Amino acid sequence: MFPVVEAGHLMALAVLGAALLIVDLRLWNLGLRQRSVAEVARNAQPLLLGSLVVMTITGYMLFAAQALRYYYNAAFWYKVVFLFFALVFTFTVRRSVVMADEARVGPFWGRVVAVVSMALWSGVGIGGKAIGLY
Amino acid sequence: MSLLGFCQWLEDTSLSSAIRESAWGFPIIETVHVLGLCLFGMAILVDLRLLDVALKRVPVSEVTNGLSPWVTAGIVAMMASGVLTFLNAPVDYYNNTLFRIKVVMLLLIGANAWFFRSGVRRRAAVTLSLILWTGVVVAGRLIAYRLFDSP
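These protein sequence lines map, in sequence, to chains X and E. If you use our numbering, the first sequence corresponds to residues 1 to 134, in order. If you use our numbering, the second sequence corresponds to residues 1 to 151, in order.
Everything labelled a hint here was simulated from the structure, so no lab data went into it. Predicted model only: the values in this text are computed from it and were never measured. Ideal Cβ placement from N, Cα and C applies to all residues, glycine included. Be aware that a few hints might be false.
Unchecked claim - Listed next, the stretches of chain X that the computed footprint assigns to chain E, with coverage defined by at least 3 CB atoms under 8 Å from CB atoms of chain E: (1) 19 to 29; (2) 43 to 49.
To be verified - Computed spacing ranges between beta-carbons, pair by pair: (3) T97/E to G132/X: 36 to 44 Å; (4) F84/X to R20/E: 31 to 39 Å; (5) W24/E to A64/X: 17 to 25 Å; (6) F2/X to T127/E: 26 to 34 Å.
Pulled out of the complex, with its shape left as it was, chain X reads as follows (with noise of 0.2 Å):
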């Protein structure tokens, strides 16, 4: 059961992670070049939340599986402050940045923005990722 989970949080990682960079690839004119950032990131909205949803359901079950054995590792934390900053970052700053006018916001910081997504979640991968290996 525990190694079926592991699979659906990947998958559901790839569809994550592919929502958001299709978003932050847009931010630096790459990508879905042809649409505005706000219609790239309303397309993907529905990409994003569902595949959050079914990463923190595989993942609550996988912290549950072993609480202990995640409390006392180090990577676990880290993961999960990148998580808590990924989280606030994207549903406050990112939000309204992509959803903005863009002519209002500027390319500028359109693209610190989407650094800093893609900074804040790669954190959170790294830090799932070395769980395992402690």
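Dock chain E against the given chain X, drawing on the hints supplied.
Relative to the frame of chain X, chain E by itself:
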């Protein structure tokens, strides 16, 4: 040379032993392979778009054209880090049932992509593609658990 003989030869190469002996080599390769899933996820988005499940308000051609370099980058990153993962212990992987299942599914994905280009039964080909990719991820995760293998 048999396939097993080839794997034994690979295991004796200097690259293979360098990966095994390095403290950080294998963890870094594995991390790239896992984070690479995010780029590889682009291929899933393209499949979902072709099935009218996701990105519905972006025209199909824009999704396939706009994301195709990123899908390619994802496949290259996954193949490169996957080959390096394999080189860590070629004989072990050769003997691992789930690794064999994963390789067969990857070959089927290649054949299916070729079939998709022929233009017939495209929805069936895309659905099969999604099923096979899911199978590859599940089998990939299960490799480490050595299911179905004699000790």
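Status of the hints after comparison with the structure:
With 5 residues carrying a beta carbon less than 8 Å from a beta carbon of chain E, the segment 19 to 29 of chain X meets the three-residue requirement, and the given coverage holds. Given a C-beta distance limit of less than 8 Å, the hint that chain E covers the segment 43 to 49 of chain X holds, as 4 residues qualify and 3 suffice. Distance hint check for T97/E and G132/X: the Cβ-Cβ separation is about 21 Å, which falls outside the suggested range of 36 to 44 Å. With their beta carbons about 36 Å apart, F84/X and R20/E fall inside the hinted range of 31 to 39 Å.
Distance hint for W24/E and A64/X: a CB-CB separation of about 31 Å, inconsistent with the stated range 17 to 25 Å. At roughly 28 Å, the beta carbons of F2/X and T127/E sit within the given window of 26 to 34 Å.
In summary, the structure is inconsistent with hints 3, 5 from the numbered list given earlier, while agreeing with the others.
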